[in-house]
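Sequence lines, in order, name chains Z and D. Position in the first sequence (from 1) plus 1 gives the number in the numbering used here. Position in the second sequence (from 1) plus 1 gives the number in the numbering used here.
If you're looking for bench data, these hints aren't it; they were derived computationally from the structure. Certain hints may be false.
[To be verified] Calculated cross-link-like contacts (lysine-lysine; reagent style BS3-like; alpha-carbon spacing at most 25 Å):
#1 D:K316 <-> D:K259
#2 Z:K117 <-> Z:K436
#3 Z:K518 <-> Z:K505
#4 Z:K436 <-> D:K259
#5 D:K436 <-> D:K117
#6 D:K436 <-> Z:K259
Number of protein chains: 2
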Amino acid sequence: MGVSSPKPLPSLKDIAMTAPKTRRSGGRAARQALRAAPLADDIRPIRAGLEGGRYNPLSQLQMEEIHEAALTAMEEIGFADAPPSGVDILTRAGAILGKDDRIRIPRSLVTEMLKKAAKDITLCARSANFDLYLTGNRVHYGTAGAAVHVVDVNANAYRESTVQDLYDAAKIVNTLDNIHFFQRPMVCRDIADNLEMDLNTIYASCAGTNKHVGISISEPDFVPTCFDLIHQIAGGEAAWRARPFISTSICFVIPPMKFATEACQTMEACIRQGMPVLLLSAGQAGATAPASLAGAIVQAVAECLAGMVYVNALKPGHPAIFGTWPFVSDLRTGAMSGGSGEQALLTAGCAQMHRFYGLPGGSAAGIADAKMPDMQAGYEQAHSNVMAGLSGLNMVYEAAGMHASLLGFCLESLIIGDDLLGQSLRCVRGIEVTKASLSLDTMREVCLEGPGHYLGSNQTLDLMQTDYVYPRLGDRSSPKEWQENHKPNLLTRATALKEEILSKPTRAAFSPATDAKIRAGFNIHLPRQVA
Amino acid sequence: MGVSSPKPLPSLKDIAMTAPKTRRSGGRAARQALRAAPLADDIRPIRAGLEGGRYNPLSQLQMEEIHEAALTAMEEIGFADAPPSGVDILTRAGAILGKDDRIRIPRSLVTEMLKKAAKDITLCARSANFDLYLTGNRVHYGTAGAAVHVVDVNANAYRESTVQDLYDAAKIVNTLDNIHFFQRPMVCRDIADNLEMDLNTIYASCAGTNKHVGISISEPDFVPTCFDLIHQIAGGEAAWRARPFISTSICFVIPPMKFATEACQTMEACIRQGMPVLLLSAGQAGATAPASLAGAIVQAVAECLAGMVYVNALKPGHPAIFGTWPFVSDLRTGAMSGGSGEQALLTAGCAQMHRFYGLPGGSAAGIADAKMPDMQAGYEQAHSNVMAGLSGLNMVYEAAGMHASLLGFCLESLIIGDDLLGQSLRCVRGIEVTKASLSLDTMREVCLEGPGHYLGSNQTLDLMQTDYVYPRLGDRSSPKEWQENHKPNLLTRATALKEEILSKPTRAAFSPATDAKIRAGFNIHLPRQVA
Chain Z
2 MGVSSPKPLP
12 SLKDIAMTAP
22 KTRRSGGRAA
32 RQALRAAPLA
42 DDIRPIRAGL
52 EGGRYNPLSQ
62 LQMEEIHEAA
72 LTAMEEIGFA
82 DAPPSGVDIL
92 TRAGAILGKD
102 DRIRIPRSLV
112 TEMLKKAAKD
122 ITLCARSANF
132 DLYLTGNRVH
142 YGTAGAAVHV
152 VDVNANAYRE
162 STVQDLYDAA
172 KIVNTLDNIH
182 FFQRPMVCRD
192 IADNLEMDLN
202 TIYASCAGTN
212 KHVGISISEP
222 DFVPTCFDLI
232 HQIAGGEAAW
242 RARPFISTSI
252 CFVIPPMKFA
262 TEACQTMEAC
272 IRQGMPVLLL
282 SAGQAGATAP
292 ASLAGAIVQA
302 VAECLAGMVY
312 VNALKPGHPA
322 IFGTWPFVSD
332 LRTGAMSGGS
342 GEQALLTAGC
352 AQMHRFYGLP
362 GGSAAGIADA
372 KMPDMQAGYE
382 QAHSNVMAGL
392 SGLNMVYEAA
402 GMHASLLGFC
412 LESLIIGDDL
422 LGQSLRCVRG
432 IEVTKASLSL
442 DTMREVCLEG
452 PGHYLGSNQT
462 LDLMQTDYVY
472 PRLGDRSSPK
482 EWQENHKPNL
492 LTRATALKEE
502 ILSKPTRAAF
512 SPATDAKIRA
522 GFNIHLPRQV
532 A
Chain D
2 MGVSSPKPLP
12 SLKDIAMTAP
22 KTRRSGGRAA
32 RQALRAAPLA
42 DDIRPIRAGL
52 EGGRYNPLSQ
62 LQMEEIHEAA
72 LTAMEEIGFA
82 DAPPSGVDIL
92 TRAGAILGKD
102 DRIRIPRSLV
112 TEMLKKAAKD
122 ITLCARSANF
132 DLYLTGNRVH
142 YGTAGAAVHV
152 VDVNANAYRE
162 STVQDLYDAA
172 KIVNTLDNIH
182 FFQRPMVCRD
192 IADNLEMDLN
202 TIYASCAGTN
212 KHVGISISEP
222 DFVPTCFDLI
232 HQIAGGEAAW
242 RARPFISTSI
252 CFVIPPMKFA
262 TEACQTMEAC
272 IRQGMPVLLL
282 SAGQAGATAP
292 ASLAGAIVQA
302 VAECLAGMVY
312 VNALKPGHPA
322 IFGTWPFVSD
332 LRTGAMSGGS
342 GEQALLTAGC
352 AQMHRFYGLP
362 GGSAAGIADA
372 KMPDMQAGYE
382 QAHSNVMAGL
392 SGLNMVYEAA
402 GMHASLLGFC
412 LESLIIGDDL
422 LGQSLRCVRG
432 IEVTKASLSL
442 DTMREVCLEG
452 PGHYLGSNQT
462 LDLMQTDYVY
472 PRLGDRSSPK
482 EWQENHKPNL
492 LTRATALKEE
502 ILSKPTRAAF
512 SPATDAKIRA
522 GFNIHLPRQV
532 A
């Protein structure tokens, strides 16, 4: 076809420098000075909490059918294996314990609890500017886990992940604009004791980032000790309860349709401690959930509605994230495939169901099956991340760094992922249509009076910073420039940026006094960081 | 968070082999036999022409505002540089030639011509099973150009593209399920004479693939000779006119708002020869189109509506593709950025405008700015390809293989792109909601009577082939398997597959008699292929 090769155009900077003085030049100079300054948050082209929702894989009728099927499953199939405390909480509220020991939840109870459930919640961060406000179609991207390996890009190898890797990941996330929260992506495989692992996970995550942190707690008995640490980090229990900056994932169900007994007990304990909970249903279509995409959503919705009833029967209005996370099986092997189109659809469909209920929701996107941050990883992560954002998912978990279908986490990929998510967020922001953006006046000026191009027009200069997203590592040079620049390699550059970030102290670091106190009370594995 | 690492699950194949006989086992055996056979086209999980349209970046009101602004631009700004024949055609139809030599098109004329314009068109292919039916939200992915380099992955270098590269690309596309048409992606830089280049482009493309081919013709004077060749390939003019299997891109405007004089003359000649035309408006936001996304769409729509009026004033109902291809500038440099989120939005917004008019439309997606098929390339190509598909774009041009913001084409990337587009297409297909897919019966069986998992359920076995898309090169192994398989490298595997495809003859090859006749009449640069 006949698109000619892009011609070299004068750079905007050159044009702005040499633009003739016009009646607007004072204004332009002022604007140029303004452009040199960092943008205020509210006019940056992208930011946390942009509104998605323009992509709707399901029609209203289809959502109602899924809702109805989920209610029927709750009423007729019910849930096995609730702990005694859960049986008590749920049956007092109106659920029915069957002779088969399954708890069945009448639809009227679901309706009642939906009224009590928290609709708009704030996930606090230690630094308030990182608070996440979950409502409507507001989109936030972040990490999640729990990988057991870290990907060593330079050795082309996988190795077991450690608490140092976790801390490094947190430090990196703290510097990345487009990753809005840090759910612990990796398991500290170098810490054998589970309580110590939980405590060190909390320590390393919070020491690395003051964005919102997500954790999990392995056993109900560990909850008090974990909160001892959390209160110390917060500066006391009252400060913690005023601004809880950590949420916990609770795999409260083992799909299909069974409560996870111990996790439910952990959940009850965390709720009493004032911690927001992610009600996580992580079925796998074709293995632990129906192979049909609609069926996998039905089951996830039924399970999370049961969790929502449980939470609100215990503590009405407690902040909870509706965590329908149906995964996908590669049906040839039964293994998980997080990078598939089916996965992207499941996640987007779930996001719509969250909005259907008006509940803050989270699901998984951005998982690569690829072992390394290669082209496969790029397309796998982009498909699901952009669809999650466009569908208005509040919390996009697993959005960066995740490889090997959740088994490996890669720091270079995390950094490249920040660029990727920048473009996803630009897509979420969408197309503004206003009198000014329709541009008739600009077109008239350029075509009828002006130079015949838009390079130096005021509109172009104005939108340059507010409407366009520029990648940090992504290379947009021409082949000629690329050659002259010694063919920059994406992974090499990501490694260099990683090392630069890790060589500097993090703003999230605890004060020396707090750190000393924590280290006196707990067995902290992470070496004291030299700032 | 607490998602445990995926456990190894028994493979479906094993389960199917060892499943106990049930009352359904006869049916299951029959189904298994069926599954071993290739799927009929209509039940394959993905195919050309799947219906998109679930993603709508613009509201109805916003589309109307864009439409109104475009009409105003046509009426008030108009278009410079029409050739005398075009002035004649357009003014006879009711357009007005101003004293400034700009042609202004009243909105009533647009409305009138929209009624005459072809709404549903078939782009034929030499092999009828590759015909493309453009209507509604049906989505087709294909290549386009015109790169001047081919990317040599193994040398990490760019070199000038040749007619052999073009032929190789066509041969490869002929074998790739998810690339539905072949618009010539590369310029034959080894052929200095423009007419010879055009002829050899036609020859190499058609000799390599019997999918629909897109070309361009450099000068109006070349049209008769090009059609001599095309008629020979078709087996005569009547056969050509009955099933025109080549379309031509016409860059009929030089944005902003100027007709491309010669290209318009070429267009007129091609229309008289019965060739479908792609009316291509390739502005660049911030350079040759407004920097605001809405404004860039307004201008592209105005320009393509002018082309639509031109075509239908000349030959009512002639098949034409509404080719709004606004590109994006990186406003720091003015250079093109095809891999940006802004690009993905422009393309999706244009797709909606095509539907607004009910016209078959095409736009560009899948362009990487990355120089090599790396993670950046993967996410750049995926963002725009999946959004183009979800928005229901009929013809997604540039969808695979394209790097360096259109300057380089890569055969390995083309092959990996087939996998990428397979996942995009899966997303386009969406989520079916039916009584069966809601899966209540399957859930009941599994949870209340069955094994507690879905691996061996009839639903899973049934959906395995019809609902799930498996990548050809994409690796879904676990880290352990990956290590045992000697860490397969995506690019190495793509190169191997490329060499395998190129080592075999293509089904599209001309008969020896036809080939000899063509070679007797034209200076064909491509060596005779040894089958």
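A quick look at each hint next to the structure:
no. : hint              : in the structure
1   : D:K316 <-> D:K259 : holds (22 Å)
2   : Z:K117 <-> Z:K436 : violated (42 Å)
3   : Z:K518 <-> Z:K505 : holds (23 Å)
4   : Z:K436 <-> D:K259 : holds (23 Å)
5   : D:K436 <-> D:K117 : violated (42 Å)
6   : D:K436 <-> Z:K259 : holds (23 Å)
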